[in-house]
Amino acid sequence: MKINKILQSGTIKLIIPVLFLFSLVACTKNFTEINTPTNTISESSIDASLLGQAFAQAQYRGLFGGTTEFQVIHNLYCDFFSQYFATTHPNFPSDQFQEVSAWTGHYGWDVQYGVAAPQVKFVVDFAASHSMPLANAIARVWRVYFFCRLTDLWGPIIYSQFGNNARSVAYDSQKDIYFDFFKQLDTAVSVLKANPGGNAFGNNDQIYSGNADKWLVFANSLRLRLAMRLSYVEPAFAQQEAEKAVTAGVMKVNGDNASVLTTPINSLNFYGQITYINEFRMSATPESIMGGYNDPRLSVYFAPAEVGGGFHGIRNGLSRAAKGDRINLQLTHSFVATKYRPIANGGTSPPWEVMNAAEAYFLRAEGALRGWNMGGTAQDLYNKGIQTSLMEWTNLSSTQIDAYVNSTNTPMALNDQWNTPAASNIPVAYLSTGSFEKQLEQIITQKWIAIFPNSEEAWAERRRTGYPIGLPIIESLNPDVPVNALMRRLTFAEGEFSTNSDAVQKAITLLGSGGNKNSTKLWWDAKH
Amino acid sequence: MFAASLAKRQKNRSVKQILSPNQIETMILTAGYQNKDGSISLQAKIWMAMKLTIAFLLFFIFQVSAKGNAQQITIIKKNASLTEIFKAIEKQTGFLFFYDKAVIQKTEPIDIAVKDATLDEVLSTCLKDQELTYSIVKNTVVITPEKKVVYFQAQATLTPMEIPKPPPVVISGRVVNQQGEPLQNVSVLIAGTQIGTTTNSDGRFSLTAPDGRNVVLEVSSVGYQTKRVNVGRQTEVNVVLELAVSGLSDVVVTALGIKREAKSLTYSTQSVDTKNLSEARELNVLTSLEGKVAGLSISSSSGGVGTGVRVVLRGNRSIDGDSQPLYVIDGVIGADPTTISPDNIASINVLKGANASALYGSLAQNGVVIMETKKGVAGSHVSVSQTFMQQDPYAFLPFQNEYGQGYGGIYSKSADASWGPKMTGQMVDTWSLDPADAGKQYAFLPQPNNRKDAFQKGYNSATNITASMGSENLQAFFSYTYTDGKGIIANNNLKRHNILTRITGKLTSKLSLDSKVEFMQQEIDNRTDAYPNPIEQIYNMPANIRTQDLIHYSFQNANGNTIQNYWNPSTVNGQNAYWVQNKIKTKDAETNTVVMTSLTYSFSNALKLMVRASYNGYGNSGNRKNYSGTYPGGFGFYAESKGEGFSLNSDFLLSYTHDINKDFNVKLNAGGTTLKFRNSSLDASTGSALLVPNLFSISNTNAPTASYSPGSSTNKNSLYAFASVGFKNALFLDLTGRNDWSSTLPEASRSYFYPSFGLSAVLTDLIPTLPKVISFAKLRMSYADVGNDTRPYLLQRAVILGPGGNNGFLQLGGLLPNKNLLPEKTSSTEVGLEIRLFNDRVGLNITDYQTDTRNQLFQLSLPVGSGASSYFTNGGNVRNKGVEAILSLTPVKAMNFNWDVSINFASNRNKVVKISDQSPKIIIPDSYFKDFVIAQGEPYGQMYGKGWQRDSQGRVLIGSDGLPLITPGRSVLLSNFNPDWIGGMQNSFRYKNFSLSFVIDTRQGGSMVSQSNAIVDGLGLSQRTLVGRSGDLIFGKNIFGNETAVLADGTPNNIAITAEKFWMAVGGRNAPIAEPFVISATNTRLRELTFGYSFPHSLLDKVHFLADARISIVGRNLFFISRASPYADPDLMSGTDKSDEGHQYFNPPSSRYYGFNLKIGFK
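If you read the protein sequences in the order shown, they are chains A and B.
Counting from 272, one number per residue, gives the positions in the first sequence under this note's numbering.
Counting from 3, one number per residue, gives the positions in the second sequence under this note's numbering.
Isolated chain A, as found in the complex:
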């Protein structure tokens, strides 16, 4: 009854506002738009024109991930294990062979796989599915470079199953991974060869501006590097692949070098982003070797000590107490060269070199030493390597270069607080009549100088060959790795034990009896 009354008296008053309000509520037509962020692109809307930017990211992030990742993996591990640098910081035990697994796991593994790897995969897959063979080939070569760095850090890694979007991702053995690398390079090289003068990605390619011919040379040189890594574990296969690479044409001049572009915003040279923290100095090893050789590159790579001048290194593995007086340690020892410092401190943010022609010569020299057909003798190629490197880093005249090549200088003992002995006794001048090991030591030591600051490669080659011998560290906190031994790998990431437990447990069995330790040798680490 009452309702009827209301309807009669106030129908309009009531119904109009209510209808109006209901109509507001019922409106959902712009919901999809609201639920789309305005500052991003969706994966499905990426087209070929945007693939270049994705590849650019894959290249730069593919180096280390980012700044912190660079600091953790490159600086705190590879730089120390290669003995280019040593830390002055009491909170960094990696120089004393103690791995901070939370750091290596998170920055080393999680970020490489979380940030860089999906990007690399995306570009390879996108190019494949959109009929962009040249782009696909170039991205494949880069993918080999990227995963090679990862497997050389950990051994078994997630490789063939990467990107399966599943809750468990199996690891591959290092052997399987390396063998696949060569197949990948075969595929890429055949496409690159078939497209002389071709270009993909244009100037979004941070290394060669899309020049397919240069990528071909890089692919061959990378094959040579990978082949040499297998010299002890698969010598015949290594020889076959190395010879294939040299025949196809590897880097010969510095114009062939592969360096990732650096730009002022977001893609600076990584050292320029961490050196302001001022936490490391030249290791005593370069002081002994390069100082003993009176090497002109010493002043190119390092800066004179702030107090007292000269090029002085500190020993790796100082105890916490010894690092106590860090201000003084820092002032009286050499830092990395100014060009690697922040722009504010006079740095120039140089491009990040991933491979150079000198390295190719040293690889060929080693091959020749092993009796492989490398298009020259070990001595010639060794000398060529030194010359190429000096031309890359210095303005020396050919006479000066020859003088260095023929120098009989040897690494020197240091008159320092640790009474550091000479790191070795080999001269620069090639000991063509010396023992195989002496010659090998010379080749690898000169390569170690030439590829600075590529400490990933330097540490890998130290593990493979034992050269440069370097200096024992002062103190080891790792019972598995004594002061005169080498760290052989990083342990698997802690997060994997939580999120990918079954797979990482299987991966441990792939490591053999050594288990998941820093002392366990990788598959290719088979010299002794």
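Keep in mind that the hints were calculated from the coordinates and are not lab data.
There could be a bad hint or two in this list.
[Stated by the list, open to error] List time: in silico DSBU-like cross-link candidates among lysine-lysine, alpha-carbon distance up to 35 Å: (1) B:K821 x B:K644; (2) B:K669 x A:K300; (3) B:K261 x B:K883; (4) B:K664 x B:K508; (5) A:K300 x B:K678; (6) A:K777 x B:K913; (7) B:K664 x A:K788; (8) A:K300 x B:K424; (9) B:K117 x B:K93; (10) B:K610 x B:K587; (11) B:K774 x B:K821; (12) B:K821 x A:K300; (13) B:K93 x B:K79; (14) A:K792 x B:K1063; (15) A:K485 x A:K392; (16) A:K392 x B:K913; (17) A:K610 x B:K730; (18) B:K627 x A:K610; (19) A:K300 x B:K79; (20) B:K916 x A:K777; (21) B:K512 x B:K730; (22) A:K777 x B:K1063; (23) A:K446 x A:K655; (24) B:K229 x B:K895; (25) B:K1063 x A:K788; (26) A:K610 x B:K415; (27) A:K777 x B:K424; (28) B:K80 x B:K93; (29) A:K798 x A:K523; (30) B:K627 x B:K261.
Put chain B on the given structure of chain A with help from the hints.
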């Protein structure tokens, strides 16, 4: 529509701006001083200021523009007679005045402050309160006694009211309950008329009767027996209301702002006494709820003054979300309660479970805290209050004071650790890097106060002025609070302004208005949880560091650069504690604006329509300045961030009440809402380092960074209905249904519906044969489903274009999209019993509940090797079961003495019933220490970490080096923060005008992991690192003696090692083992104490302008009555995320607060 007609009406009334806002403010703030010359009452002045203020505010609200006539009159005079003013006007304008001197002489002197005003304006101002009127004839102003129209104070701006002769009588008074406590919002009506008002927070009312004959007041309030009072010739009436038989005293504000009698509720709610909130005051009002609400637990983060809190009701239930309740303030959904002024809060009601909040929908699945701010009441009431509370840190970690800096027993001036020699006064080199200190030595002695010295006493102080005014038809409430706080760390300061204006009233007999504008502005300097944490720097200080040395925190080097002076320079977690406090500056500023307007139209007594719109906008900005010399390196660092956001909510509610017959009553409510959230933020920084030292400009760098986040846009629309059927006002059935449409879900599942129902039976009404001793008994049960949506942007994988390379970098997002998301659903069941005995002297309220949060939306981590970091999915069920009980007692109830006790108890058990069969575990890791794990079959929030390796018998395995073997991963279950039960006890005593109340709360069970302890132990700073200093530490014997430790061959561990070796291996910053750092969270403390004295009215009446005055001495967090571990305060957590629960990282020491509160009300 409504607003427009209102504005039009305002325009016709020509409200004019007379004073500038500054002048008004000056008058308010200086009113007390003006009173010193004794001639004009404070009341009158404030009253006038109020009137001007409301005029001013209305002017702004309705955007009225008023242009004056040609005359420009300026008169600023205090205490001026009308004659004086008229003379001044004559002088300035040439107008002449004509009036009866006898009439004018009877008038009171007034204050006038007009500038460039028209003649009309000046005249209406000075004649406003004088019962005089004027007319202008040519150049003459004629003043005559007013004949017919009286403009009632504030009401004057609205409807003029005919007042017949004889003269009206003002009747005022106070309404109290049987305990003598004032009752607010009690309706006071003159019987047989429409004239009425409601009481204010002090129970006072004032109304004007048309004449003094036969006035009968009808005083009524829900839950109380209505009382009729014959006024007779009195003008002051005091009324005591008695509780309605078998009713509850409470009317509670439930979902959607519907006020209901507590007895009809089918679910559990608990109101909080708001009186103490403004007395024993906290900077964050939520903290004041601790110990007072059954089932509510609160922890604070370590941010210092104004820090955030984490509030959880009935346990954690959301896998992805934060499980914190929804806050609704005056119907504004999602309003921020953390910065609201407690002076403005009229009521707080906690709706605990999903049952209570079914009508708020998804946002409310973790319960709702409903707050109502104060409203104006008829009459005028002005009060000021001042609170000052000192903060005194008192519970530090137990540090050792025997050994100083060094390693291996040898002093090292640059050591961060204290494994050095015993401090016996030997001379050692200074650690100072200042060249001026070179070669200096000092005596190596314990400095037991060096850490305490680095703290200071903090305070918080609040000043509030509140004014309420109004007539029967229009009321206004104004409040301004200034809060000022200083933390226990130097330069950690807070300043906050809260401004509230609320206007309520009846615009016509059918249309009523409720409108408010609330503004908050706050600035916090140097939050202590900003990196680097100063508490950490203080705690990590070795015992030999002298304050006098440390305070010399910087010096200039030869190049003129400022260098930080520290014993272990340039380390990430080691900086001079004083440098951190003085040379790293952060500022966080915040504003919050809430505007709400609600109109209710009564079609009839039975049918009402409410429409409401509210806007809740916030802005925040922050910056950081690291001065040159701050680690990490460079010439300093600068960052700026800005963010803003709002929610816009429009809703309507149609309510219909109908008595079907004598026994059946039905209440129907139907409504809808549209809710829109938007936010965005912009951040910029100088990247790594500044070029020019200490020039804090974003462009002072080679590597600027900037980023913009468009935030998370969400729209949500809802329709809902609620029906309550009452039988004999004793049996109630509730039914609700709600449908939401959320923009965050895929189109197919965007719309979702959820119902609830409930039943309550008042047994004492239904069963007349119950024994008399039971004064009230009620049984209730309810079931509710609540749906929930999720975060926006989960339906597609994001790709971000950022700077880098030649043309930018394109980066894939790590979160995989899920196009098949479904809404989440919480089901909750509860049953409850409320019983009151012995005439309500004993009351017990028990609730048993179970919530199942099913089909949850959450992110599952994938192994990074899968190509994505995580994906979003539906599933899971987290179950919370528990019981809550509130026991209230009134042991003594006498004329002058009253003692009330309220005890609450809550026990909640939760279990993750299901997550997903493929991924039965969700892990939220941190970089160094522990995993927060939500695992199928386990309680929510298990903390896992690295621990001891054990054999099958549980014995700890010791390696050949004497150190325990450590698990390779974080596989050891460490702790769970969930308590076994929590409880609180509130005691209130009232003796005459004195009152005393205190709150004790307790938390039993639950444990935490302390990363702070891992670090200070690793550094050899704590007392327990004294064991084994000389190399005689044997694990399982003199340390961790409760463990059986064995060597590889199974023989008991007998390898002695140094404490340094042990603690450096298990503690420290980089790779600590978590198992040794588990501590119990059990504790009981005296949470709050208030001792107050209200000045009696007999005394106050002698001072004619004072209405009430109260002074109280207050304390909070005064001391622990007991605590299981001296190593931490379980109230203080590393943050407010769910994974911060039970994790401690250099929280501030426990602090006690004590001080006073003074509140004075004016007539």
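Status of the hints after comparison with the structure:
For the hint linking K821 of chain B to K644 of chain B, the alpha-carbon distance of about 33 Å falls within 35 Å, and the restraint holds. Distance restraint check for K669 of chain B and K300 of chain A: the Cα-Cα separation of roughly 34 Å lies within the 35 Å cut-off, and the hinted pair is therefore satisfied. Our distance criterion of 35 Å between C-alpha atoms is met by K261 of chain B and K883 of chain B, whose separation comes to about 28 Å. This hinted pair checks out: K664 of chain B and K508 of chain B have alpha carbons roughly 31 Å apart, not beyond 35 Å.
Using a Cα cut-off of 35 Å, the hinted pair K300 of chain A and K678 of chain B holds, with the two alpha carbons roughly 14 Å apart. Restraint check: the Cα-Cα separation between K777 of chain A and K913 of chain B comes to about 32 Å, which is no more than 35 Å; the hinted pair holds. Between the alpha carbons of K664 of chain B and K788 of chain A the distance comes to roughly 84 Å, so the proposed pair goes past 35 Å and is violated. Taking the CA atoms of K300 of chain A and K424 of chain B, the gap is about 75 Å. The hint is violated against a cut of 35 Å.
Note on K117 of chain B and K93 of chain B: the hinted pairing holds, with a Cα-Cα distance of about 15 Å set against a maximum of 35 Å. Restraint check for K610 of chain B and K587 of chain B: not satisfied, since their Cα atoms lie roughly 54 Å apart, outside the 35 Å limit. Taking the CA atoms of K774 of chain B and K821 of chain B, the gap is near 62 Å; set against the 35 Å cutoff, the hint is violated. Using a Cα cut-off of 35 Å, the hinted pair K821 of chain B and K300 of chain A holds, with the two alpha carbons roughly 18 Å apart.
Between K93 of chain B and K79 of chain B, the direct Cα distance comes to roughly 15 Å. Compliance with the 35 Å bound is thereby established for this hinted pair. Between K792 of chain A and K1063 of chain B, the direct Cα distance comes to roughly 29 Å. Compliance with the 35 Å bound is thereby established for this hinted pair. Distance check on the hinted pair: K485 of chain A and K392 of chain A sit about 22 Å apart at the alpha-carbon level, within 35 Å; holds. Pair hint K392 of chain A plus K913 of chain B does not hold up; C-alpha atoms about 40 Å apart against a cutoff of 35 Å.
Of the supplied pair hints, the one linking K610 of chain A and K730 of chain B is violated, its CA atoms being roughly 89 Å apart against a limit of 35 Å. Proximity of K627 of chain B to K610 of chain A is assessed by CA-CA distance (about 28 Å); at most 35 Å being required, the pair is judged to hold. The suggested pairing of K300 of chain A with K79 of chain B is violated, with an alpha-carbon distance near 62 Å, which exceeds 35 Å. Of the pairs offered as hints, the one joining K916 of chain B and K777 of chain A holds, with about 27 Å between alpha carbons and a cut-off of 35 Å not exceeded.
Proximity of K512 of chain B to K730 of chain B is assessed by CA-CA distance (about 29 Å); at most 35 Å being required, the pair is judged to hold. With a CA separation close to 34 Å, the supplied pair K777 of chain A and K1063 of chain B stays within the 35 Å bound. Of the pairs offered as hints, the one joining K446 of chain A and K655 of chain A holds, with about 32 Å between alpha carbons and a cut-off of 35 Å not exceeded. Taking the CA atoms of K229 of chain B and K895 of chain B, the gap is about 22 Å. The hint holds against a cut of 35 Å.
About 21 Å separates the Cα atoms of K1063 of chain B and K788 of chain A, which keeps this hinted pair within 35 Å; it holds. Of the pairs offered as hints, the one joining K610 of chain A and K415 of chain B holds, with about 34 Å between alpha carbons and a cut-off of 35 Å not exceeded. Only pairs whose Cα atoms come within 35 Å are accepted, and K777 of chain A paired with K424 of chain B is rejected, the gap being roughly 50 Å. About 18 Å separates the Cα atoms of K80 of chain B and K93 of chain B, which keeps this hinted pair within 35 Å; it holds.
Simply put, K798 of chain A and K523 of chain A have alpha-carbon atoms about 29 Å apart, close enough for the 35 Å limit, and the pair holds. Only pairs whose Cα atoms come within 35 Å are accepted, and K627 of chain B paired with K261 of chain B is rejected, the gap being roughly 50 Å.
Checked against the numbered hints listed earlier, the structure breaks hints 7, 8, 10, 11, 16, 17, 19, 27 and 30; every other hint is satisfied.
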